[in-house]
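Number of protein chains: 2
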Amino acid sequence: MVRGFSPAAAAAVFRRQNFLIRCLGGYRKEKNYSNNFHHHCVIRMHSAMSGGPSLEADAVSILRSITPTLDPTRHKGQAGKVAVIGGCREYTGAPYFSAISALKLGADVSHVFCTKDAATVIKSYSPELIVHPILEESYSIRNDEKGSISAKVIEEVDKWMERFDCLVIGPGLGRDPFLLDCVSNIMKRARESNVPMVIDGDGLFLVSNSPDLVRGYPLAVLTPNVNEYKRLVQKILNCEVNDEEGSKQLLALAKGIGGVTILRKGKSDFITDGEKVSAVSIYGSPRRCGGQGDILAGSVAVFLSWARQSAYRGELGTNPTILGCIAASAILRKAASLAFDQKKRSTLTSDIIECLGRSLEEICAVIS
Amino acid sequence: MVRGFSPAAAAAVFRRQNFLIRCLGGYRKEKNYSNNFHHHCVIRMHSAMSGGPSLEADAVSILRSITPTLDPTRHKGQAGKVAVIGGCREYTGAPYFSAISALKLGADVSHVFCTKDAATVIKSYSPELIVHPILEESYSIRNDEKGSISAKVIEEVDKWMERFDCLVIGPGLGRDPFLLDCVSNIMKRARESNVPMVIDGDGLFLVSNSPDLVRGYPLAVLTPNVNEYKRLVQKILNCEVNDEEGSKQLLALAKGIGGVTILRKGKSDFITDGEKVSAVSIYGSPRRCGGQGDILAGSVAVFLSWARQSAYRGELGTNPTILGCIAASAILRKAASLAFDQKKRSTLTSDIIECLGRSLEEICAVIS
Chain R
69 MVRGFSPAAA AAVFRRQNFL IRCLGGYRKE KNYSNNFHHH CVIRMHSAMS GGPSLEADAV
129 SILRSITPTL DPTRHKGQAG KVAVIGGCRE YTGAPYFSAI SALKLGADVS HVFCTKDAAT
189 VIKSYSPELI VHPILEESYS IRNDEKGSIS AKVIEEVDKW MERFDCLVIG PGLGRDPFLL
249 DCVSNIMKRA RESNVPMVID GDGLFLVSNS PDLVRGYPLA VLTPNVNEYK RLVQKILNCE
309 VNDEEGSKQL LALAKGIGGV TILRKGKSDF ITDGEKVSAV SIYGSPRRCG GQGDILAGSV
369 AVFLSWARQS AYRGELGTNP TILGCIAASA ILRKAASLAF DQKKRSTLTS DIIECLGRSL
429 EEICAVIS
Chain Y
69 MVRGFSPAAA AAVFRRQNFL IRCLGGYRKE KNYSNNFHHH CVIRMHSAMS GGPSLEADAV
129 SILRSITPTL DPTRHKGQAG KVAVIGGCRE YTGAPYFSAI SALKLGADVS HVFCTKDAAT
189 VIKSYSPELI VHPILEESYS IRNDEKGSIS AKVIEEVDKW MERFDCLVIG PGLGRDPFLL
249 DCVSNIMKRA RESNVPMVID GDGLFLVSNS PDLVRGYPLA VLTPNVNEYK RLVQKILNCE
309 VNDEEGSKQL LALAKGIGGV TILRKGKSDF ITDGEKVSAV SIYGSPRRCG GQGDILAGSV
369 AVFLSWARQS AYRGELGTNP TILGCIAASA ILRKAASLAF DQKKRSTLTS DIIECLGRSL
429 EEICAVIS
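Here the protein sequences come in this chain order: R and Y. If you want this note's numbering, it's the 1-based position in the first sequence plus 68. If you want this note's numbering, it's the 1-based position in the second sequence plus 68.
Watch out, some of these pointers could steer you wrong.
One copy or two, either will do: identical chains are not told apart, so a pair holds if it fits within one copy or between any two.
Distance condition first, Cα-Cα at most 30 angstroms in a straight line; then the derived DSSO-like pairs of lysine-lysine [unchecked claim]:
#1 Lys144 with Lys335
#2 Lys191 with Lys214
#3 Lys144 with Lys184
#4 Lys316 with Lys344
#5 Lys411 with Lys220
What the hints contain is simulated information worked out from the structure, not anything from laboratory work.
Let the sequences and hints guide you as you build the complete structure.
Structure (structure tokens):
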């Protein structure tokens, strides 16, 4: 404990710092450093996607540079507080995978905001998560209740919003129109509070149809898989995916939506904020079991938060959102690789989650 | 079994003995020994918190002195019966962590009193717990039902109260005003029955606003973390936390509330009953995942019960509540350290709970 600087005061200062980071709007203030950083950390031309330059990121160096040291003077919450918005009558695994992955990577607190049906199940998967049964789907409510329920959802989320370092929007969200309306309101509120958002799964369905939800918001990360990417390209660029011009099209998409970061998942992952394209192709597994995207979304939330803390301390020279995406991509790929070594074709998403800790430890050993 | 002394009669005698211990009001009768004990078990000045003396406790000796031998003639319940009051629509992990930790340390029986929503989930975490779905939150009842429900809650708790060696009030309690009213009534009833109470989490929110619930009750232990401590200092002492005068302020807080024991959690844990401040800083981990406070609260309940049994047998020379806190602090810190050795940054609260048994065994080996 620092003399003359109480834990409570430190907590308040830290919260304020976080708020200031949010107010800075992320990397926009740090762009002047980006060439320098790319000189150090992005090391070779990438050939997995043609049509414009993409550079393989030095993901291992990035992971080491943004993962915080573990310091006994810190208190609960300082290593990250994330919330997943997702989980409905049909889907309960996806939000669980995202939220538990965040904890396994070192976040201190992980929340899930989902429907009542989903909450009981998600809670029962693990006592480690804090699960809020606040969302509703059309089938379970009357039309005349919608206004009051929608207001109640925002009221509940508002109690927590300022405490979160990042939201994950979409894992297991479903496509119920009323529920998606409520989630749109949550996204607007997150923007007002400058809370970063990682958008995946049905969150991308929502954003494809309402791109204004993220347009011009530099703290939004979209993590589309092949189908979600196709839909985004069709809706935003009014054309089909063209891998002959892959990097160019990805840059155009990021610019087309306006200033967001996109992590395009595939054999190699490609990441851009509309300025440059970075690639991550180290590690990886040939197993394509459902749920790996949920791990990635939770991981982006953690690493993005850590990168923003490093950026605030002046330790980084590029957009921390990009660095968070590169780190998350690499750690998922390494965990998938370790899990596949053990379980081969039988590898499930839970097996990969169990390898997250070892993956991070092998790259960024904790010195204790 | 003693000849001519049936198990049933022995159980009744033991219950009565326990009742007598409670009626003694704990350590107030034993204060004359405290200097002697501190001479043996509190070994060096502590520098982690300035502003008045605090002494590093010899937690290992204390653990050995109060942990009961395992004796095949004893029967179920004699090693401790605890109950956790907590668990609502939002929180189910916290009361589970507290209740299962008590069992893993050696308590015989562990109950949870929670809302109906929470009960199903907590039961699903483990068949080892006895879970009573008796609490209600405002959202699920009508105003005109509140009187009868409140009476019913007390009636249900009253059936069990005399059997418990300690209550843990607060893990995952939430802040619903009606629910907190019911819990206030439970606390009043526990006081009337001289049942010790460990108060954590939202129980501390309740006590900060209604300090009379514990004022002058020597069998109450408050276990605040950094934020909860801040709120207590503001409400009771009408000032901010001042770590320059850390020990002095902690003593003033304990006196300000009036005769309770406070375990202030942090990098080092500080414990006082208003007379002296003891510190525990052995072992520990830099991981700050949510839920560790719940383990501590359940552990205090067990060790406090054991210390009171030792005190009744005349084996101790100081306030058994203080000894219970020191022992619980040390065992959590050791378990967290063992878990961290294995899992590093990926350590979750469940991993720490799995190390409780080994931690206790390494310090107080069972001789069989």
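Going down the list of hints, with the structure as the test:
1. In this assembly of identical chains, Lys144 and Lys335 lie within 30 angstroms of each other by CA distance solely across copies; the values are 11 angstroms between and 37 angstroms within a copy.
2. Taking identical chains as interchangeable, the C-alpha atoms of Lys191 and Lys214 lie at most 30 angstroms apart whether they share a chain (26 angstroms) or sit on different chains (28 angstroms).
3. Taking CA atoms no more than 30 angstroms apart as the test, Lys144 paired with Lys184 passes in both settings, with 28 angstroms inside one copy and 29 angstroms between copies.
4. Only within a single protomer do Lys316 and Lys344 lie at most 30 angstroms apart by alpha-carbon distance; the minimum there is 10 angstroms, versus 57 angstroms between protomers.
5. Taking the shortest alpha-carbon separations for Lys411 and Lys220, neither the intra-copy value of 45 angstroms nor the inter-copy value of 39 angstroms comes in at or below 30 angstroms.
The structure fails to meet hint 5 from the earlier list, while all remaining hints are met.
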